[in-house]
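A.B. asks: Below are the chains, spelled out letter by letter.
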Amino acid sequence: MTAKMEASEGKMPHNKLMTYGLVIAVVGTYLTYLNVLTGVAVFSFFGGIAAVAALWWGSDTIKHLCSYGLGTGVPSAGMIAFGSGAIAMIVGTKFGIASPIVTVILAAILGAVIGYTANNIINMNIPVMIMSLMELAVVGAMTMLGFAAMATGSFEFNQLIIGSMSLSVESAGVAAGGAQTFLVTAIPQYGNSLIGGAALAVIFFLGALALQHPFNACLGPNESQDRTLMLALSCGFLSMIVVAIISFVFIGLLAGTISLIISLIAWFYCYKTYIDLSKRDAYAWLDSKPIIEVGGDQ
Amino acid sequence: MEEIVLGIGITALAGALATVAGAAEDTESDIGSQGDPNSQVQLAPQMGYIHRIFNKAVSGEPPAYGLWCAIGAGVAWAFLQLNYNPALAIILGSIVAVFIQGIYCTSGYLGRTASLAKFKQPVYIDILKSLTSVTMAHAFVAIFCTTAVCYLMSAALHHPFALPLLGLIWGIALGAAGSASGNPFYGKERQYQNQKFGAGVPISASGNIVRYAEAGQRSSLDNGWFTTKFAGPASGICFGLIVFLELWRTVLFEESLAGWGAVIAGIVLILIFTFIDRWIEVWGRKTYGPYTEPEESSS
Amino acid sequence: MSALGGKAAGGDGINMTGTIVGIVIILVSIGITAVLGASLIVPLIGIIIGGALIAFGVHFVPVGGAPAAMGQAPGIATGVAMLAAGAGLAGLFGGAWAYETTGDFLISIIGGAVGGGLMMAITCLMVNATYVFAMGIPAASGKIAKDPITGDTFPEYKSQGTEGHGLPFISFVGGVIGGLIAGLGGTIIYIELLDAYSTGLATIMQAEATAIQPLAISLAGIFAIGFFLVNAVLAAYNITGTIEGPHDPKFKRVPRAVIGCAVASAFCGLISLLLVTNIGM
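Residue numbers (this note's numbering), protein chains in the order written: chain A, -5 to 292; chain B, 17 to 315; chain C, 4 to 284.
Everything labelled a hint here was simulated from the structure, so no lab data went into it. It is possible that part of the hints are untrue.
As the list claims (entries may be wrong) - Examples of chain B residues toward chain C, derived with CB under 7 Å:
no., residue
1, D52
2, S149
3, A215
4, S235
5, L257
6, F260
7, W264
8, G277
What the hints assert, rightly or not - Quick list of in silico lysine to any residue cross-link-like pairs, SDA-like style, CA-CA up to 25 Å:
no., chain 1, residue 1, chain 2, residue 2
9, B, K145, A, K5
10, A, K5, A, D281
11, B, K134, B, G223
12, A, K283, B, Y228
13, B, K212, B, T244
14, C, K149, B, K145
15, B, K302, B, Y228
16, A, K266, B, K212
17, B, K302, C, P151
18, B, K245, C, A132
19, A, K273, A, V288
20, A, K273, A, Q183
21, C, K149, B, F246
Note that CB positions come from ideal geometry on N, CA and C, so glycine has one too.
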């Protein structure tokens, strides 16, 4: 099935979408660095905005890729995007302040290799395959990085793996005069961090479903780009709500509440707009009405 | 010894919870026409059969339940970190997961149906109003039970994986088990109730799904009513057996034969299931007999 | 969607140029890893083998997709990548647990394989139980006339207008083997990564090995799932949707999936092992 399936011609060209998505994703992730500069955690929600921008761009990429019949469903594209994106993102966070840029580069290389494998070794022979898998890997990595930054307030590896510090008190022997001295050291706890507690796995799948859902849900002969992209934003902000709830553990009540409120408002607006757009595109919008027969065997 | 007795108790509880989870999962996906039978609900309007079935296009069941259970377990993990009571944390996690699930369901129905405008399939908004809450209720049972199983594995049986990771793994397994054993029953027996019993649906009949009920028009709630009679329990047994036997062989035989006990127990179990399967297959062939004479159609 | 007349993309052949470039990528990945640290070569090779095993295993799993849900085609009615993921991750669960309690590499990977096989055995059994007891449909393959293991003939059991239905014994065996191999591959990747991380991270973070253990387990687990999904989806692309099991003509395509997944795993493995080198930080 290499013939192109029906997919709406986008009103907004894909390259423009990609530029916006990538720039907002990188800039948004960097804006969480305001946390470090100002010493408060309230700027974490910018990570979520970055992730939503990446998902918005990715759902259009999926549309381009899956309009060629892959033989397997749209969801698989989301899985491969996040499978490769997760690897690039975790390694990318090691590069300190350069992390977002390095993550983009690593993910692009990884996606290119996987795309080449799919296209030339597995013989898919789909013209947009390499480019699409490259984009999807970047989308996956940036979504995870953005949400991770939103949950913990930082995009650096050390912050993602250390949950809290526990104090260890050891006796340092008896000093002169009979007074006991203690050696107090702070031991980082890894088990309750974002990565150590595997909460990253939630972000992994939140992103994977949010990436594939817009096109998967809207495919059909009357698919329209603005509706699909609005659903992408809606799914992105919906995922942000969950990340905001998880972020209470890491960034505290105030910053978590700010993230939660922002994501709830943004999600509500996008979801409502999406329903309006569905109403616009639907053949009819009926409440408690019988089946309208149009033909078939009746 | 005491540890093993406790382990067996936990294993039994986990198996029972998993059985409930499997049954609820399959019923939920059948009410929403999720997974592979969805293709027929999608195809019907294109063939001229306008229907009032819930067309819930949220990917396949394995990734979808992977996400719901990961959210359930992940949010529960977060509340556990904040020193909430485990039972409360699991319930809160399941509530958040069900909220996400409900939103995904509605957007899936609206999106797919609006994209079918060319074939004159209207959006019946009352379907969303009446059925979303039903699927959410079933999904809550499935997610709560699975998250509870994962919590038991991590807290009582000391599995090394953290709770969210377990939620993801067992969510995917739940979806895989539920869709595998439940889908054919819904897809063939219910959607194509108008076709011959005891035979597959001819490809030429694709899209001609049953859209009218005994009286009035079929709603997806009728599908849930129908599939709970076989597909739900079958999926429940499937997932329950998977969880129970996987834990059972490890808890009971991990220590024996320098660690090989669990492996041997697993192999024996696989062989037993192979024999049962062969018996079922032969029973089916004998009971239902050949459809045609062997010579005629051996092409 | 073979029942609806979809044509398989790409044919069955092997693309020579692509394959050679792929082997070069594998060798370069191993070379770079060797430069970064000699101790990382063994984990990388483990990852490559694990990825190739996953690709191999996925081809055994009988998946019928949407037509199977209507009794139009044999196989399990779900998506190939995710069914294999379900089995492989159930295997990973067992393997990780065995590694935690026994610490023995061989027992753990075989334990993981058995976990995956057990999951598939139960699932395939329930599929057949549903077909036979609830729907009254005996199993029949559409691609072959005779079961190579039991010698059962199929054409006279196939209902009109379908490509077969249910899970014939060969498909059941294929499913179990697929679960075994996928579980094996996933567990190998997990254990290799876990070993590399628990020693490597302890050195880099200058922390105690026991303190770093939960982090290493979670990292290895998330990476193993990532690897698993990449390889399973690539294998699913090779299958293009549905396959009946080892007797299906599509099974002949398996070499290129094995090569492809080895290439992808090699490169992904190289990136994931960068975590325990001094690059960055």
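A.B. asks: Find the hints from earlier in the document that the structure breaks and name them by number, from lowest to highest.
C.D. replies: 2, 4, 6, 7, 8, 9, 10, 14, 15, 16, 20 and 21
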